[in-house]
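Q: Based on the sequences and whatever the hints tell you, model everything.
In the order they appear, the protein sequences are chains R, X, W and V. As numbered in the numbering used here, residues 1095 to 1461 make up the first sequence, in order. As numbered in the numbering used here, residues 1095 to 1461 make up the second sequence, in order. As numbered in the numbering used here, residues 1095 to 1461 make up the third sequence, in order. As numbered in the numbering used here, residues 1095 to 1461 make up the fourth sequence, in order.
Pairs involving identical chains hold if they fit within one copy or between any two copies, as the list cannot separate such chains.
Straight-line C-alpha distance at most 25 Å; calculated SDA-like pairs for lysine to any residue: (1) Lys-1259 / Arg-1356; (2) Lys-1259 / Met-1353; (3) Lys-1368 / Glu-1416; (4) Lys-1293 / Met-1402; (5) Lys-1418 / Arg-1363; (6) Lys-1236 / Glu-1131; (7) Lys-1368 / Ala-1206; (8) Lys-1236 / Ile-1160; (9) Lys-1368 / Gly-1209; (10) Lys-1181 / Glu-1159; (11) Lys-1368 / Tyr-1412; (12) Lys-1236 / Ser-1265; (13) Lys-1181 / Phe-1165; (14) Lys-1259 / Ala-1349; (15) Lys-1181 / Gly-1114; (16) Lys-1294 / Gln-1145; (17) Lys-1294 / Lys-1418.
Source of the hints: derived by calculation from the structure; they are not laboratory data.
In case you want the letters, here they are:
Protein chains: 4
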Amino acid sequence: MGSNFGQLFRISTWGESHGGGVGVVVDGCPPQIPLTEADIQVDLDRRRPGQSEVTTPRNEADQAEILSGTFEGQTLGTPIGILVRNKDHRPEAYSEMSEKFRPSHADYTYQAKYGIRNWQGGGRSSARETIGRVAAAAIAKKVINQCFAPDLEILPFVESIGTLKAEVDTSAVTREVIESNIVRSGDPDSVEPMIDLIKKVRADGNSIGGTVGCVIRNVPVGLGMPVFDRLEADLAKGMLSLPATKGFEVGSGFAGTKMTGREHNDAFRMMDGKVRTTSNRSGGVQGGISNGEDIVFRVAFKPTATIMTEQDTISTGYQETELKGRGRHDACVLPRAVPMVESMAALVLVDHMLRQRALCGDSAAGG
Amino acid sequence: MGSNFGQLFRISTWGESHGGGVGVVVDGCPPQIPLTEADIQVDLDRRRPGQSEVTTPRNEADQAEILSGTFEGQTLGTPIGILVRNKDHRPEAYSEMSEKFRPSHADYTYQAKYGIRNWQGGGRSSARETIGRVAAAAIAKKVINQCFAPDLEILPFVESIGTLKAEVDTSAVTREVIESNIVRSGDPDSVEPMIDLIKKVRADGNSIGGTVGCVIRNVPVGLGMPVFDRLEADLAKGMLSLPATKGFEVGSGFAGTKMTGREHNDAFRMMDGKVRTTSNRSGGVQGGISNGEDIVFRVAFKPTATIMTEQDTISTGYQETELKGRGRHDACVLPRAVPMVESMAALVLVDHMLRQRALCGDSAAGG
Amino acid sequence: MGSNFGQLFRISTWGESHGGGVGVVVDGCPPQIPLTEADIQVDLDRRRPGQSEVTTPRNEADQAEILSGTFEGQTLGTPIGILVRNKDHRPEAYSEMSEKFRPSHADYTYQAKYGIRNWQGGGRSSARETIGRVAAAAIAKKVINQCFAPDLEILPFVESIGTLKAEVDTSAVTREVIESNIVRSGDPDSVEPMIDLIKKVRADGNSIGGTVGCVIRNVPVGLGMPVFDRLEADLAKGMLSLPATKGFEVGSGFAGTKMTGREHNDAFRMMDGKVRTTSNRSGGVQGGISNGEDIVFRVAFKPTATIMTEQDTISTGYQETELKGRGRHDACVLPRAVPMVESMAALVLVDHMLRQRALCGDSAAGG
Amino acid sequence: MGSNFGQLFRISTWGESHGGGVGVVVDGCPPQIPLTEADIQVDLDRRRPGQSEVTTPRNEADQAEILSGTFEGQTLGTPIGILVRNKDHRPEAYSEMSEKFRPSHADYTYQAKYGIRNWQGGGRSSARETIGRVAAAAIAKKVINQCFAPDLEILPFVESIGTLKAEVDTSAVTREVIESNIVRSGDPDSVEPMIDLIKKVRADGNSIGGTVGCVIRNVPVGLGMPVFDRLEADLAKGMLSLPATKGFEVGSGFAGTKMTGREHNDAFRMMDGKVRTTSNRSGGVQGGISNGEDIVFRVAFKPTATIMTEQDTISTGYQETELKGRGRHDACVLPRAVPMVESMAALVLVDHMLRQRALCGDSAAGG
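A: Right, here's the structure in full:
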């Protein structure tokens, strides 16, 4: 329970950090979508550790194998099974964790919930689980662009690290800018200070949080369902299901709560024969349904819980003790969070496109 | 699609603002829970309009009828159907809406999505839909307290209106304080300024946003599922599914992104024989699973979209035009948002309690 | 749990035999389908008791009220709530049931499962629950014919009562023939003997079983999902979810198990430019997916459990005792089972049409 | 879509006959169940081809690898990923199938549905897919016996092949009898004639159908949900989701339709302090819920579609042509169908046990 996402483009991830591997089954992918392992590898490579001086040196090749669901380079419409083997195990780095609960990690809650846990590297709660999501989302993005919205693009970027804030114009930011710097900041001027900050907290055995902003462009009108499965509700769930997240806001977000209706409302105008709004405090969704404007949202990531300092904690025998972080960890998860945010957004969108096509037919879904 | 919530305690709401009525079917309620219409009416009365000088004067009795699922004052384990008739219709107040899309409402997106909409009072997108949720949640709260966690209490409160912020100690705030003032602020000192602010924006034909904070006390350890159905992910979805919401944060939230790990981590200690944390920046969830500390979160509500000012908009024939709000509306939804937030929290919790009982048995679910 | 059916055209029924009423919520109905209460009433009238000398004299008007989901005579795409009030209560006819379990009914199992039951008229296990299904299916049939398959028709008929077998050519039987006789036999020659048999067993305080056959014509190719949600698997589930059913077979069914492959296989040929099979032992489904031939299946209904004879049973206090049936009951459910079978078939088909449209687009779903 | 089964003990199978492999993800397995690959291998070995002279000589080791969800020999409560590699590929045996549709197979319907298919060995429609189900069910059986019903046993057996019928007393048949003969007949006297018949049709390049009977003993009272998810409805769906099935009946089944109520009803009596019925025409379920008696049902399997005779068919270019079976196939699927029937029954039962525990607590679910 809890390892499935999506109603129609339904993914089931599996796998622990240390074990046979991690992976995903994608059920509900339309047939005849060109798909190879290389399509998936591109995004796995963006997600994997060891890419730069600001990420963890854990070095996994994270090579994806498509086990089923494709034939002669195209999807079959049947479940796509994807496997990534675990390779760079160092369980000895975790041996102390077999006896102590790491503060602000999931060790204690897993143990309390299940009466058992894989204490090696966080087990199921490891960010390594997101490999399955990223692989599935690589497929989702192909479906979105091929079947529904050829020009749709999902552009997440690091917006802040600690108190350092990138100045990003969401209507102008490009993937080139974001991917050209190792922080994945949307603002080139912020890159150096951010790198310096990450290096500084790491050198100090400490960690730092931050936010990821995201803009989605060229979204078909009409995605999202009234009431519970509002587009922003599913985005919120998707984002809060990512490790280390503590918040989500769409459009004007928390800042919008301080405004009056007169300041906040988005007036409608016709532009180039299309219904548009002259501002976008709605963030591209109204009543839970996309209105064709850019979808804009923001996700909060807490500082990495693993720090290289002795901290008060308890043992698995419920004795008070101390624990100091070991192993290889990101001092700041933000750069690697970017492809994860992108993946969850793609999974939400493709699902709602299929749902809209089911309900209202091809044209209504942007197809 | 989209009108169901919950995996095991599954609710299906139905109904438009103007039509035969609104209601809900609750499938998955355990048997032998004492339940009468009065149990439900209490919460419907807290939610309904016309309660005070700061809410809309629309006056609906909102009388709940239990149509099925109970027998001799107890639940049967079968679906509980609940009906609330619509009564105080004034469709004439909405006639202009048949021809024009209200800015920052769902009129345009519903029309674009479905090619049809009930333009009377917002139809399905009306906050009147939440009656079904509140009724279902009244049952959920009984199940929680009777079967799983006798002392669990869900305490949402208004934390801010516009730039006015209530000072609330979440570990001390009581339902008495909250319900004793018409704003439902958690801070008595903030009440008068907030009332004045709401009256002022209303007199100005304007509206104002705000935030609802929420603390949940005496939560069993172990609720929430790894990966996608994390407790905070389901809370985020539940909250963002409420009308007018723009953001959600749990524990340290967005503020926590500015902290280092050393500042942010919650140390474990033993207190009174229980595993506790000495701080609660996690907000009661770690790795998606409750750790027994108070669950603390915050929800952002935008200013009411209906304002009594001419605004630029377009007609249903896609001509540019203007529209001024009519009808009876809350200038500030926050006071009435409080029971809605409480309801969604209860629905998330009861569902996870049933899921945990399914997976791990009675004792693990707090029962 | 257990009162929902369908993945996309999702119905939730509620209601007990004696209580406020019975009804259904249909979530996932496409918008812009013309729909009035009269459309639903037609099928409810076919299902309801008191129609003829061979059905129970319980006389319920069974008047459907559409509470939501339509506007100006068309569906909105939002949940359609339908309510049918219970009227002809005679709880006194059931008072003995409060203390004794009726043999071969659900009284004992409900009590054992839930520790409580509504003993009036069978409560949730009453065939009265099928009102919600029939109402939902009336909508489903409109969706099928308007959006996907204009000429598709679902023709169930009584094929046998006791040992009396109707001779029915499924490729030729018409609704006119079936509905022109009160037994709803597919064979006019069988009608009188069947009526005589029903009268005879009823006069004897006894009851009798039988089978319903069904042919579905003009089915689009490609409906049904590989593996678990095969079209025949979903039909089997739908049929076995009807009260009093004990078996289901499709195409050659149990008789086909006695054949060799050479006798059984359906050869492919081209006819009128279409792929056709020269026989139809597959019953219109191959590998779980419709092949365009008539879908042909059969459902077994046991004799009504309520008989007017003293039978051995036990009391709710677990003492051995005797019980004799009372109240108004069908001595043979077959005539009224016909619209129920039709309804479940329609619900299965419409759901698979929406699923196919989601996966493969309009044209692939027959639209 | 369509490759998931179960609400709480939820399995997702994936894989084609020829490709990287086949497998399953089990989400919702309770924690702390002892589980090793050997536990799974036992059942895979019963299912796999090449076991005896009456099954296909295709020889796959079918070695299961548990990729996740266990730790130190116990389940973690997290998804269990299982992989079985495909090894004994002979795609050349299928080359003609790339151009012609095999009669009474899924080739044509898959092509029509998806516009693409893996024509090697039937792809997703191959019985090889059931490996995932059998592996998952091996776990399900452990959960059933450890958490809910220590003495529950599921005993399917071959009841007929062609017109040869085994005489089986379901209250007495044992696993030893069934597994001691290569046909898996429940009646030792029937074994030789059945073997002779299978050999004869195979020598003739032909095939033959049959039925599997099944008895489930020591079932807790109260499993199954009213209305749609009746225990027999879910069993029917499970069985009809198996390849080559054409029918399902429970208890008295189709034969019961010829009986009167007086003959058919099961009287209640107290025996050894338990509520029992003096006959079991209900087949262990009343009103969709188990009553504690043996669950008894029967499944119809058609003759294998692949026969070594030229048959009329069409090409993928829609030209009329002929096709003769090739490759290695079972002339009679019945012996290997036995573990498949057992598996689907186990998957249905475990799911309903978890659902009952969710709704009514430990004791109500047999735990």
